[in-house]
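All chains should be modelled from the sequences, with the hints used to inform the complete structure.
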Amino acid sequence: MSRKRLQRSKKKLGQAPGSIIYTGERTKDKLNIEAFDFTQENYSEKELQHITDCFEYKFSNTVTWINLNGLNHVKDIEALGNHYELHPLVLEDIVNIAQRPKVDDHESYLFIVLKMLYYDDRQNLTSEQVSLVLGNNYVISFQESEGDVFEPIRDRIRHAKGRIRTMSSDYLLYTLIDAIVDHYFSVIEILGDKIEDLENQVFSASTQQDLSIKIQDLKREVLRVRRAVFPLREVINRIEKNETSLIKNKTLTYFKDISDHLTQVADNIEISREIIGGLMGMYLTNISNKMNEVMKVLTIMASIFIPLTFIAGIYGMNFNYIPELQFKYGYFGVWGVMILIFLGLVYYFRKKKWL
Amino acid sequence: MSRKRLQRSKKKLGQAPGSIIYTGERTKDKLNIEAFDFTQENYSEKELQHITDCFEYKFSNTVTWINLNGLNHVKDIEALGNHYELHPLVLEDIVNIAQRPKVDDHESYLFIVLKMLYYDDRQNLTSEQVSLVLGNNYVISFQESEGDVFEPIRDRIRHAKGRIRTMSSDYLLYTLIDAIVDHYFSVIEILGDKIEDLENQVFSASTQQDLSIKIQDLKREVLRVRRAVFPLREVINRIEKNETSLIKNKTLTYFKDISDHLTQVADNIEISREIIGGLMGMYLTNISNKMNEVMKVLTIMASIFIPLTFIAGIYGMNFNYIPELQFKYGYFGVWGVMILIFLGLVYYFRKKKWL
Amino acid sequence: MSRKRLQRSKKKLGQAPGSIIYTGERTKDKLNIEAFDFTQENYSEKELQHITDCFEYKFSNTVTWINLNGLNHVKDIEALGNHYELHPLVLEDIVNIAQRPKVDDHESYLFIVLKMLYYDDRQNLTSEQVSLVLGNNYVISFQESEGDVFEPIRDRIRHAKGRIRTMSSDYLLYTLIDAIVDHYFSVIEILGDKIEDLENQVFSASTQQDLSIKIQDLKREVLRVRRAVFPLREVINRIEKNETSLIKNKTLTYFKDISDHLTQVADNIEISREIIGGLMGMYLTNISNKMNEVMKVLTIMASIFIPLTFIAGIYGMNFNYIPELQFKYGYFGVWGVMILIFLGLVYYFRKKKWL
Amino acid sequence: MSRKRLQRSKKKLGQAPGSIIYTGERTKDKLNIEAFDFTQENYSEKELQHITDCFEYKFSNTVTWINLNGLNHVKDIEALGNHYELHPLVLEDIVNIAQRPKVDDHESYLFIVLKMLYYDDRQNLTSEQVSLVLGNNYVISFQESEGDVFEPIRDRIRHAKGRIRTMSSDYLLYTLIDAIVDHYFSVIEILGDKIEDLENQVFSASTQQDLSIKIQDLKREVLRVRRAVFPLREVINRIEKNETSLIKNKTLTYFKDISDHLTQVADNIEISREIIGGLMGMYLTNISNKMNEVMKVLTIMASIFIPLTFIAGIYGMNFNYIPELQFKYGYFGVWGVMILIFLGLVYYFRKKKWL
Amino acid sequence: MSRKRLQRSKKKLGQAPGSIIYTGERTKDKLNIEAFDFTQENYSEKELQHITDCFEYKFSNTVTWINLNGLNHVKDIEALGNHYELHPLVLEDIVNIAQRPKVDDHESYLFIVLKMLYYDDRQNLTSEQVSLVLGNNYVISFQESEGDVFEPIRDRIRHAKGRIRTMSSDYLLYTLIDAIVDHYFSVIEILGDKIEDLENQVFSASTQQDLSIKIQDLKREVLRVRRAVFPLREVINRIEKNETSLIKNKTLTYFKDISDHLTQVADNIEISREIIGGLMGMYLTNISNKMNEVMKVLTIMASIFIPLTFIAGIYGMNFNYIPELQFKYGYFGVWGVMILIFLGLVYYFRKKKWL
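The listed protein sequences correspond, in order, to chains X, W, U, G and H. So for the first sequence, my numbering puts the first residue at 1; every next one is plus one. So for the second sequence, my numbering puts the first residue at 1001; every next one is plus one. So for the third sequence, my numbering puts the first residue at 2001; every next one is plus one. So for the fourth sequence, my numbering puts the first residue at 3001; every next one is plus one. So for the fifth sequence, my numbering puts the first residue at 4001; every next one is plus one.
Hints listed in this document are in silico derivations from the structure and should not be mistaken for laboratory results. A couple of the hints might just be wrong.
Said to hold, decoys possible - The following label-pair restraints were derived from C-beta to C-beta distances:
hint, chain 1, residue 1, chain 2, residue 2, range
1, H, E4240, W, T1244, 21 to 31 Å
2, W, K1075, G, D3193, 53 to 63 Å
3, U, N2124, X, Y347, 33 to 43 Å
4, G, V3346, W, L1340, 33 to 43 Å
5, G, V3346, U, D2193, 54 to 64 Å
6, W, D1155, X, N124, 54 to 64 Å
7, U, N2136, W, S1168, 49 to 59 Å
8, U, N2124, H, F4059, 54 to 64 Å
Ideal Cβ positions, reconstructed from N, Cα and C, are used throughout, including at glycine.
Here it is as structure tokens:
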């Protein structure tokens, strides 16, 4: 994980600031460009072939959503950036997938970076960077590869469900962020299940297997989710507070709603952290309990049979004169003594609750 | 627990914002509507049959408390919301029981979400969402199912006990919140008893049973209470500070009192957390102490009888010529030596305080 | 402890706000009323028989200190409260001994709640609630039962020692708080001794006795002291900052002095917490060290005698043909071999520093 | 480490403030002075022989970067400082390599201290102090010894790559800091690898070797990186906020970019700390697991053979009358009993999952 | 330690505020009074015999430094205080050595309390209270007993080294504080060495000796240093920020320098705390590792010899008919079997890496 996250440093070290270099691993053969253009009455949905096809929307009266997939096509992204007058550092941040969630207010547009989180097929936590540019009448979204998180939004635009067609670009921005944040809940949910699973494993742990590395891994996972969620909360709070003409008062209520959701997610993460924090201790007590059990078996077996063996040893000695050996029922007498000792020790261990 | 808390995500994922969907599990066949309408002199108490029956109170001169039970009746709640001009996101929050305690100031009304906490019959901590809407002359309260936490308040209205009949709707709001917060004290009390119980169990722990999962569960319980209390304290503080014409200066003193109570509860929770935080360590030392005891028994038994058995073994050898075997009192001499060794070892272990 | 602290909830649940109910356990047959009335030149000291006897001081020109003992006499306290125009919530707080230290500014008077701490005869930490009302020319103090913490102040009034007779009621308030805070130092001191004692016990711990519960109890004690001291510091800071005409600038320097003392006490508490926090770990290492010692004795005894017993066993076998048995000095040869093995193992354990 | 860091105290104790004394260990025979002087059109690059050679740049119209290597040449640095009118305390700080990253605004110039971090050939974390002075048209940088961190910047100046030649001295300052901060990423990366390595070692730990000191050392390393990064973040934040005419608005965006990078680094450090924090616990559970395994082997061996040996001992006794000894197949019968006991115990241990 | 720190409470309990009582243990027969009086051109250095001898400096034009040693001479200090018009609470604080570092601005003078820290001959951390009063043209310093921390300053005054003779009394104050703070570095250094020593001891710990108390003691030592340093940093920050005419702008730069130094010291303390925090865990893993080693020796010895002894026991039985006993080479055959078992077990333990 840590290696992937930091690859940029290797590729970029020594580059001039504003150099636009893709730092991710997922590449696509072709840049996917999707454009939704709508007013309250109409909407059009197009798969664009060339980056220049989306230049026309800059000054249209309609609300436009341009969605790009495939950050490895840096040339096209640079062309788009130049046309829409985005700052070089913004373009650098879009293709550098190691960004921390943040918002930059560039007066004529708002630039937001956030992380889409999901569990892939093999239950690995995957984090994908999504950049959003909010202009007066458009939103441009940049994704590493296709995710279908936005599918319900496309549907709502197509069928004019909810308010989306009646509102302006800032509401569109809100729905995109909301879709991503809603997915955090399912991530948190899976995480919660994983923690409960691990807790049960730890509790019933047969000592065959070392669970400490699993605990440590889960801790790491929670920290990664935390890293996506907490800065985003700051981002949304800044959007709520900072006055920018790009986001209308009417829409602010909706951003407050996202903020509430993020606080809920954040609460869950903090609780998860506390629970995981206690897991290692729980594991340790569990191992110690198991050891206690092992020790008890040993102690009971040894404590009972060592004295008995000693007695047998006594009468195995070859002294010329050992009076007991001559007794007729000496052998049975010894058995009697041994059984008494045996019962005494069993009683003693019972009283100590070891048996 | 975590599953219940997060169910909303499954049901709601991909829904347009403002969709009013009940996310709880408790359903009622019929929506209970209860209306208290009072002035200093008179009061009426009605069980309403239909949601439209409570529309009339919107512009009355009296103070009205409408209490609704059964959040699964979303249609009715929507109808009420439309009549009382509540924002769609407010209605969404009312029926989405995964809310964090919060207050939203919508100018013409104040919207408050909080959590009612109690231990059910099987001593499980139960959390129920209560939403409160404070209008100029009314308070509407929304509950998942009937709780009798508000019974004393009904009594006070009926018999004009205390100030309640002489004050306006903001004081009514205060009494409702106060009733819920007062219940936190009994939750905290039970929690304190549970911690003490567990502490005693841990202290006297026979190693038969693993208590670490109980410690972890109790920790979770405290975290859940914390999650209800701490945000509510922020809510009350915001009510105290933010100036809203809906809450009169005279009533603010009472909200300050709630704030004091919540701080007391919060103090108790933090102390509980610290105590629980020490429990796992206490448990570990206890297990280790037990193991020490087991080890000592083993060590004493083995250390005493192994050397003695060795001596018996010596004289069990079949060498042709072992002079001691011929001694008349050889056997008794060996016994003497053994008893000396035995006493020596007992003395040694006594000195070490192992016996 | 937790039970006592929370009793109020049981008695009060469902009561209207402002209900004046004593929640403590200590009751007195008779309400003690003590009145000191003084100017720079004169002073009078009276034991009042009836609550109405202290009504006259409300508008006198002299400085008056009325000290009440016995919070179970709620009727009298209510009568006093009505005469001195105290808010019902203030009266409720006075007799509800579960208050957190706080200050309320009611314009015509200042209401302060704080905790008197001391160790009783059996070295149990005892916390007693003291409420103070500062009026223009009087201070009224409410105590659960007689404590002699204020005795030195009575002396100073009687003999006009220090500045007390030359200053107004705010300075009197200061001296009362100062007397209570000064007592915190002796509590902290005893606590420090207790921690050192426990540390020594843990260090030299014979494993007979489980100290973890003592550590946990001491932790609880520190948390209780903390709970009295930290909010009081906030209280004093608020008095220092908030401008109230009741406390003169000249007296503020003295409150700053209390604040300094409380910071010292708070520092000590935090250090105590850190030290106690380390105690459980120290105890665990100590137990583990002890176990190591036990294990070593076992290992040394077993490792030395088990091989020797094996050799004895060899020559105890009854094979027809065992050549060594025929050797003249076979027996002594075996002894030689055994002694060599014994010395070898002793040397080995010496080298490992186990002996 | 700690010794190196604090050497200054020994050398400097008792010196008058403003005494310019080099506290580092790395010395150079000759002070390296390198001067880059450029405008958008031209640039010159010189290796200066004498400190006075760089006096001329003070009032030139071009942008100048003077880079000095070898802080042990305090006389030269003092001469330079006097010419460029630097405060004596600034000069003291330049040669005292124990500084914490900081920025001082001296109106006519800005003084910044920061730490260059890298891993040397033997993978030891090395920290080198770099001081930067930003004047109106120049930047002077002071290094302990040559580091080639700035090489890419020299290249950019030479070949007019990026914006560097078109901007003023504040942008030059930015590129220098940016180059250092970029290197933090590779430090963080190596640190991440080290942590993963150690985690794997801990996980698979053979008990031959004590890893706790390695964990402690790694912790120390993270704390050292933290100490370089966190104060620098404050420094950059202060530059962003504080208005100084030396840094133009246009350049502030770039400083914001550094701030973002530092926050990323800081996030990584905090995650590293949490992971390392869990390592000791993980190690302890691992050791305990290993001990459990050892104990099980002992317990199984002892529990099986001790009872069997006891039986053998019984029939090794020399009583005159032991009936079983006379049985024809007594010997085989005993073997049968022993095998049954053996199988019973194996079954028991299998059921307990110890085998 | 805790006892010394809190002695004041015993002596002072019940005293009127402003009572001037020395609470320290170090007493001097005679109060040492030393006066340095200087201008840029001249200086005089006198050992004063009587406290009244230093009254004359109050209104002189020169800068005067009066240094007093021996806080037990409270009468003299009171006389001095009255002459220089110091507040009674200030005098109380000077002789009460349990003060926390603080600054009080009394308009006509500034009162500063701080702690001088050093390790005495037996390497015990010693803390001595130093009080400083800054007047318009004088500084009065109060020490418990002579420390030679100020010797370099005396030298600088005598030989007019540095700026000291050219500056006013605020600069003198700065040099005194600076001298004390500089000593913190050597305390930190020794502390660092102690931690490293202990770390090495813990790492190589033979289990003979319990190091947990040493860890706890070192923790306490760090906490004591922290207690001296952190409040002093606040003090210096307040001096920097609060505008007082007693400290000139020109001197503020120097106080900022002290602040930087204190932040460095504080950083070191925090790192020390983290390192010590890890020590107990490190110690525990170390003990557990040692125990593992002990257990392995036991397990190997027992596992090898117990089965062999069992075999020897078998052929020690006295059954009439044991066929193997008759075999000619039965004895050697048994030896062969035993050696095979021995080798098998050795191989097994080798494979497990226990040997």
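Which hints, by number, does the structure contradict?
Those not satisfied are hints 1, 7.
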